[in-house]
Every structure is written in structure tokens, then in C-alpha cells.
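Protein chains: 2
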Amino acid sequence: MDDINRVIERNRQRYLDDLFTLLRQPSISAQDTGVRECARLLQGLMEEAGIRTRIFETARHPVVYGEAGEPDAEKAILVYGHYDVQPPEPLAEWLSPPFEPSVRDGKIYGRGSSDNKGQLFAHVKGLQSYLEARGGLPRGLKMKYIFEGEEEISSPNLEGFAAAHKDLLKADAAIFSDSHVHESGFPTVILGLKGMLYIELVVKTIKQDMHSLKAASLPSPVWRLVTLLSHIKGEDGVVKIPGYYDDVRRPTAEEIRAVEAIPYEKVAIMRDHGASHLIQGRTTDHYYYNLTFEPTANIAGIFSGYQGKGSKTVLPAEAHAKLDLRLVPDQKPKRVLNNLRDYLDDLGYNDVRIEVHGELEPSRTPLDNPWVAVAVRAVRKAYSMEPVIYPGIGGSGPNYVFTGTLGMPCVLVPFAAHDQANHAPNENMILEGYFNGIRTAAAIIDEAAKA
Amino acid sequence: MDDINRVIERNRQRYLDDLFTLLRQPSISAQDTGVRECARLLQGLMEEAGIRTRIFETARHPVVYGEAGEPDAEKAILVYGHYDVQPPEPLAEWLSPPFEPSVRDGKIYGRGSSDNKGQLFAHVKGLQSYLEARGGLPRGLKMKYIFEGEEEISSPNLEGFAAAHKDLLKADAAIFSDSHVHESGFPTVILGLKGMLYIELVVKTIKQDMHSLKAASLPSPVWRLVTLLSHIKGEDGVVKIPGYYDDVRRPTAEEIRAVEAIPYEKVAIMRDHGASHLIQGRTTDHYYYNLTFEPTANIAGIFSGYQGKGSKTVLPAEAHAKLDLRLVPDQKPKRVLNNLRDYLDDLGYNDVRIEVHGELEPSRTPLDNPWVAVAVRAVRKAYSMEPVIYPGIGGSGPNYVFTGTLGMPCVLVPFAAHDQANHAPNENMILEGYFNGIRTAAAIIDEAAKA
Numbered sequence: 001m002d003d004i005n006r007v008i009e010r011n012r013q014r015y016l017d018d019l020f021t022l023l024r025q026p027s028i029s030a031q032d033t034g035v036r037e038c039a040r041l042l043q044g045l046m047e048e049a050g051i052r053t054r055i056f057e058t059a060r061h062p063v064v065y066g067e068a069g070e071p072d073a074e075k076a077i078l079v080y081g082h083y084d085v086q087p088p089e090p091l092a093e094w095l096s097p098p099f100e101p102s103v104r105d106g107k108i109y110g111r112g113s114s115d116n117k118g119q120l121f122a123h124v125k126g127l128q129s130y131l132e133a134r135g136g137l138p139r140g141l142k143m144k145y146i147f148e149g150e151e152e153i154s155s156p157n158l159e160g161f162a163a164a165h166k167d168l169l170k171a172d173a174a175i176f177s178d179s180h181v182h183e184s185g186f187p188t189v190i191l192g193l194k195g196m197l198y199i200e201l202v203v204k205t206i207k208q209d210m211h212s213l214k215a216a217s218l219p220s221p222v223w224r225l226v227t228l229l230s231h232i233k234g235e236d237g238v239v240k241i242p243g244y245y246d247d248v249r250r251p252t253a254e255e256i257r258a259v260e261a262i263p264y265e266k267v268a269i270m271r272d273h274g275a276s277h278l279i280q281g282r283t284t285d286h287y288y289y290n291l292t293f294e295p296t297a298n299i300a301g302i303f304s305g306y307q308g309k310g311s312k313t314v315l316p317a318e319a320h321a322k323l324d325l326r327l328v329p330d331q332k333p334k335r336v337l338n339n340l341r342d343y344l345d346d347l348g349y350n351d352v353r354i355e356v357h358g359e360l361e362p363s364r365t366p367l368d369n370p371w372v373a374v375a376v377r378a379v380r381k382a383y384s385m386e387p388v389i390y391p392g393i394g395g396s397g398p399n400y401v402f403t404g405t406l407g408m409p410c411v412l413v414p415f416a417a418h419d420q421a422n423h424a425p426n427e428n429m430i431l432e433g434y435f436n437g438i439r440t441a442a443a444i445i446d447e448a449a450k451a
Numbered sequence: 001m002d003d004i005n006r007v008i009e010r011n012r013q014r015y016l017d018d019l020f021t022l023l024r025q026p027s028i029s030a031q032d033t034g035v036r037e038c039a040r041l042l043q044g045l046m047e048e049a050g051i052r053t054r055i056f057e058t059a060r061h062p063v064v065y066g067e068a069g070e071p072d073a074e075k076a077i078l079v080y081g082h083y084d085v086q087p088p089e090p091l092a093e094w095l096s097p098p099f100e101p102s103v104r105d106g107k108i109y110g111r112g113s114s115d116n117k118g119q120l121f122a123h124v125k126g127l128q129s130y131l132e133a134r135g136g137l138p139r140g141l142k143m144k145y146i147f148e149g150e151e152e153i154s155s156p157n158l159e160g161f162a163a164a165h166k167d168l169l170k171a172d173a174a175i176f177s178d179s180h181v182h183e184s185g186f187p188t189v190i191l192g193l194k195g196m197l198y199i200e201l202v203v204k205t206i207k208q209d210m211h212s213l214k215a216a217s218l219p220s221p222v223w224r225l226v227t228l229l230s231h232i233k234g235e236d237g238v239v240k241i242p243g244y245y246d247d248v249r250r251p252t253a254e255e256i257r258a259v260e261a262i263p264y265e266k267v268a269i270m271r272d273h274g275a276s277h278l279i280q281g282r283t284t285d286h287y288y289y290n291l292t293f294e295p296t297a298n299i300a301g302i303f304s305g306y307q308g309k310g311s312k313t314v315l316p317a318e319a320h321a322k323l324d325l326r327l328v329p330d331q332k333p334k335r336v337l338n339n340l341r342d343y344l345d346d347l348g349y350n351d352v353r354i355e356v357h358g359e360l361e362p363s364r365t366p367l368d369n370p371w372v373a374v375a376v377r378a379v380r381k382a383y384s385m386e387p388v389i390y391p392g393i394g395g396s397g398p399n400y401v402f403t404g405t406l407g408m409p410c411v412l413v414p415f416a417a418h419d420q421a422n423h424a425p426n427e428n429m430i431l432e433g434y435f436n437g438i439r440t441a442a443a444i445i446d447e448a449a450k451a
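One line per chain: the protein sequences are L and H, in this order. Counting in our numbering, the first sequence runs from 1 upward without gaps. Counting in our numbering, the second sequence runs from 1 upward without gaps.
Any given hint could turn out to be false.
Any copy will do: because identical chains look the same in the list, a pair fits if it lies in one copy or spans two.
The calculated SDA-like cross-link candidates involving lysine to any residue, where the alpha carbons are at most 25 Å apart (straight line), are [what the hints assert, rightly or not]: (1) Lys207 / Asp272; (2) Lys166 / Gly404; (3) Lys166 / Glu89; (4) Lys266 / Gln208.
None of these hints come from the bench; they were simulated from the model. Since the structure is predicted, the reported quantities are computational estimates derived from the model, not experimental observations.
The shape of chain L in the complex, shown without the other chains:
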């Protein structure tokens, strides 16, 4: 790796300038701002790095696809990233403009610096440094790149694109770099994401809001919602939807050991979150255990009636609750939804409407998959540190398209810091994180060739 590291050192400023070019181009998928321009710009930067590219149209924002190495190589790694970004609002809170990247205190500030342009571009530059140092990819290995423009709007076309291009995307493993390293600064390797069912429960009992004196005789939608919710989860925190835990995959002894090895202090976590306790899950109150292995039923929002200051006496007509149920393998959003509908009907809540706002499948690659060891070796080589291995994390993402539709292992190797402020003002990427990412990307090529 010394040859590659020398190339990276020599090109530090150039690699940074190229990233800044990418960061300067807005690509706000939710607002349809600059996404196509960004796709073309990224295509050009990939071509310069030695990648053969092609842009695929989808129903909304294009996919930028690329390949490097011998076309008929037997082995292939598929790198996923997304070049779209979150809206930058509220603009007034940015210390430097979101689309004018700048370096302060060892951090690159700008929208997309970590989520996800900075991290995906480390793979582009990792390849470029490899090609410059070695004159080509290892014999028999092909690198593939799929950079979508719709991740921040829940990847509505990714699964369809993958299903329609299975041959093009065929690979031995998928690599994601869209998360963050451990709080301690240790690099991480992440093997799974949760799925999600996002629903809104809507209860309506009377035609319009009325004077609350009528609460003595007319049914309240809020009490009906509260009672319904108490059938979904009780005081013990266990979800009561029939069959909810039936499909929860039992963690292996190795996965449990890996989770228990993630550095963490219970008291510090409680203090940092201002919490008096951690949730006593079905088996433990271990922070990472429940984050990794336990599905949730969170109330992300509830609202009905008067919400202003002081008092107003109203019997509301409608009540709403928004729930995100984070699912673990092998739960299925559709099955949970059907079970919930049947359950509510059985309980007599057939008047309650369930609106579905989103569905994502969970994913988890087994610890003992050989490509996990490849990623771990690559990270160890790039950082000269032992990575922290997460069998899964609490968040959700499109990884299931790779583990599911495309049927390959999927390993996350993130480079951003844990306080990256993604989705928020002053998003940033630690400067050394970017170069660690470039080194890791090159090391992945090296290790993949040996695997």
C-alpha cells in the first residue's frame, strides 16, 4: 500500500479540489434542483478517474453507473453511493454557504460533504490512486459503481432499476459508505440496517370540532386513538401486534459477542441523551443490543385538537398518530401491515384508517460471510486500527435492494465522523476522514483481488 499512499499524498490538493467541484454543484432531489447537472458533473469526474460511465434515466433522477477493470473479469465489487443531498434549509444557520465548501478546523463544511458526496467520491479517488500507482486493476477484478440521485427521497426507483439490470449490477459484494465511524474515532464496519413501515393512524368520530361540553355524550377520536395505541404497545414496551416478533431473526452467538464488544458506557449514553434510563427490551437494556436486534414501534408524531398556550375547550373531530416501525430481518413491512389491519379489525377499530407513508425491507449480512473479512482487512490496513464491527445499526436504507433483489452481501464502510451533522446545517466531513476513505477504497481493491 506504500505506493498507493504516496500517490494519495502527492495528489492531496487535487483530490480535494475535485471533491469541492462536486460539492459546489447543488443536487437537491426533493426540490429537483441541479440533480441532472450534478449527475453529468459526477460522470465527468469519474471518467477522469478512469471509470467507464453511463447515465441511466429513471422516472425522476438519473443513476450514474460506472465500471473499471477488464470487462470479462470474474470477480466484481459493486460500490453504492448517492449524489443527491438534503435541502440546505435553514440557510441562516450555516456558518459558510452550503454549496461553497470550505475547510475549517480540519473539517470540510458543505452540504453533501459527508452525506454522501464526500464518501462516495473517496471510492472514485481510491480507484484513481490505485490505477495511478499500479497501472491498472488486479487481473480478474472488476469495480462497479452505482450512484443514485434519489436516496434522500427514499430511493423510489432503485429497486426497480436493480431488478431491471441484474446482469449489469452482478457482483460478489456491495460496499456502502453512508454512515459514520465510532464516536471514539475507531473505524466501523456495519453489516445491517433496519427496515421500516411508516404509517399514520387516522381516527374520526364526529364531523367537526365541537365545544367540549359535548364530550359527555359524543365519542372522542383522541380517546379512541389512545386506547387503540395501548393495544399496539403496553407499559412493558413489548409490541402487541400479533406475530410481530415471529419473523425476528435470532442473533447468532458471534453477532451478540460483536455487539457486546462495541465500546460504550451506559451512564455516558444516558447523560448525553438526558435520559433517566435505557429501555428494558425483551431481554436486556443493552444500548447496542436493542438498537441492533430489536424492532421498534415509535410514535414519531401525535396530534389532535388544541395545541396553543393555555386552555381551549374543544372536542376534536379527528386524531392522528404517525408511527415508524423499524423492522429487523426477517420481518416484512407488508406482513406487519396486514397483521396490524387484521388486529385492529378484530379489536373493533375497523373505522380507523391506516395511511402508509413508506416501506423499507431490513437487511443483514452474516458476520461470517467472507467479504466481511475482506472489508475488515482493508479498513485495518488503511487506518492501522482495528475496526468496530456492528452486526447492524438502528437506521434504515436501501441496502436490502442489494442483499435482497441482487442477492449479494452488503458491507458498510463509512468514513464520516459521528458528528457529521448530516441532514442539518453545517454538515461536515472530517478532512482526514476523506483521505482515510480514499486509502480504504484502494485497500478494498487490493484485498478483494486476494480474496
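Since the structure of chain L is provided, determine the placement of chain H on it from the hints.
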């Protein structure tokens, strides 16, 4: 009464003009707009009608007090009203400006036309017509008037004022005209109002809103609130606060008969409110029975987390529920509050804050009180119709100051129509309702003298 009716007929336009003068003067207690000016204007109009007046300052808005008749008369009737009004907003929805009264389709439109300037002024004009027809009040009878300027902000100084002026306010009965006649147009006589305890429950479990992935390990304030609420009322609608029903006064057989005699069609009520059923209370689903005799625990508002369109994945830091508990005699807001606090503490919810936004005592004058018969005879005479008698209604008000602090029977004799739109744009008073009110006020003097 023919002599009085002739006086009223002769003065129709003048009585209407005087009311319009009063309606033109804004007196928005919540916004401190024009209240003092209105008190002085009302004072002048009362003096013109033959009432000796005096303005009493309170901590905020003045009380206009008046007397007519021999100073040393043994018998006294105390008429209560309020000259303050609700804010007129939203202004755009008024078909004619709120403080420029106008008559359309037999109705007087304007803020305060029914609530309560129109109704209190009927008493002023009733006295004036009586004095003009008969040359003075009946021997031995004195009329007293207490018109406050703070009813729309929950009468914060009325109880203190009454306690400090018990001699001044001494009377055989209090008459209120601050409600509405029956939907059918039949006049009503109302004998009770509910009390109220208005509280806000505040639950906080973490220091700030967080990504909902953390719901697997960190406690949710919304679930805690939902679980707590399920301890306050269950699926059967019965309030579970210990001792809640202990102080509920058992209705007499006569009161139950009176409630059952109130004209109503269950199917029509359900249709008018868009409800699939009426609440099955502890003993019956009779609309008026529960409205009159059963206390409530209504959720007037609930809110936490995301309330916009679609989905946002957040673990909220705080959750709020606003509850108005409408109390019946002989429940006490303070006792209910203490019982609730103890109950929540016993259940382990000692971290949950209870903010008190309002307390009102309930009131109910017994059906067999002789002053009820006086009011009924007066209404019968004025309308030539049999009044519908309500032992109580579902709303709340300061009546307990009269039944409690001042220890007198309190009878409501309203003149407004049921669709008066009080507290709303296009508030109105039926034109004939105003004159019926004047006739009723005069008849009350007549009947009181005979009692």
C-alpha cells in the same frame, strides 16, 4: 303584562338603537380593548333606564353594578351578565363588521349581540319598560345588577369581588341570561352548570428530539403519555381517577324526569354531529342525561413530534395532553387534582408535570327551589309557551360564585337562539329573542314581587 307589552312595542326602535350603541363599543377583555369605555357607556345606558349605578375597579376590568327600587326593600333579585366579548378574529369571515351591528333576516349580527350584551341589555330594557308602564318597582322588591368585564377570560376576579361585597350583592335569587333557548325555539330555564378542571400533562424523557432509530433504546415521552392516559380512562369510558365519582350528586327522580322530558331525537343528534353512536355512559346513552349529570375527562388537545405531511422519523423529547374535566355537583376541582396527582405518583408517573390552566366549581339549583317556579311563570307569561327545564347543562360558568360564595339559587333564563354563533364569526341574536328577553325580564319583576 299588556301595559308593559304596549310600552315595549312603542319603544321597539329606541330599545334596538340603544342596544346598537352598546354593540358598537368594542370590549375585548382578552386583548384589553375598549373594556373600560364600554363599562362607562353601559353605566350611562343603565342610568337612562332608571338604574342607580356604580363602577367597581378590579385587578383588571371593572364591574358595573346597579340597583333599582327602594333601597330598603326586603326582597332582591340579582341579575348577572357580562359586557366583555370574545375577540372578533377571524375578521375576514364576518359578512358585516363585528362592531357595526346590522339586522338581516330577522337577526341582529355583531360581536356581543347574544354573548352577552344583547341578553344582559334585555334585562336593562325590561326594567325600563316596567318602570315606564308602572311608574316604579313593586313595593318591597329591589333589582340588583352585576355586569362583569372578565367572563370571556374566565372571571378571574368575580369570586373575590363577591366575597368582598356580600352585603351589596345580597339577594333572594340570581338570574343569568347567558345561554340559548331549545333547538325547537321553545324557551328554556336552566338550573345548573358544570365545573371544570383544565390541566395539561407534560412528559419529557430525553433532552431533545432525536433520530427515531434511537427509539429502540431510549424512552419515548409519547408512549409514556399514552400509557398514562389509558390509566385515566379505559375503553369503557369510565374515569379511573380514584374517588372521581364519589362526590357526584345523585340526581333526584324529578331531575331525571325533567331531563327525559327535554325534546330530542337520538337519530337526529347522531346525524347532526356525524357520529355513529352516542357515548354509553355509566348508566345510559341518553344524550341529555350524560350532558347534565355525568362528569367528563375530555382530551381537548394532544401533541408531540412531527405533524406535517407524510413522514419524518423522530423520537420526540416531549409530549403534551390538554384535558378538560367537566365536573358536576358536588365534585371539587382541587380534590380531583389532588387525587390525580396521588394516583399518577402511585403509578410511578411522578416525573409527569401537571400544569393547571383553570378551575371552576360546578353549580346546580334544586328543581323544587321556589325561585325556579317564579322564573318558569315569568317565561311562560312572556313567551306564551311552556319552557323546557334543564336541571343542568354541559357547559361551565361563574354561576358557582352565586350558588356557592353568595349562597343563593341561580336560574338561567336565556334569550339567544341555539345557533347564535357565539365565540365565532357572524355572532347573532334573533331579533324577536331580544324583545322576548325584554318581556321576560319585566315578567320576572312582576312574578318576583308576587313570590
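Evaluated hints:
1. Proximity of Lys207 and Asp272 under a CA criterion of 25 Å is satisfied inter-copy only: 8 Å between copies versus 45 Å inside one chain copy.
2. Only within a single protomer do Lys166 and Gly404 lie at most 25 Å apart by alpha-carbon distance; the minimum there is 12 Å, versus 81 Å between protomers.
3. Proximity of Lys166 and Glu89 under a CA criterion of 25 Å is satisfied in neither setting, with 37 Å inside one chain copy and 61 Å between copies.
4. Taking the shortest alpha-carbon separations for Lys266 and Gln208, only the inter-copy value of 18 Å comes in at or below 25 Å, while the best intra-copy value is 48 Å.
Hint 3 alone, counting from the list given before, is not met by this structure.
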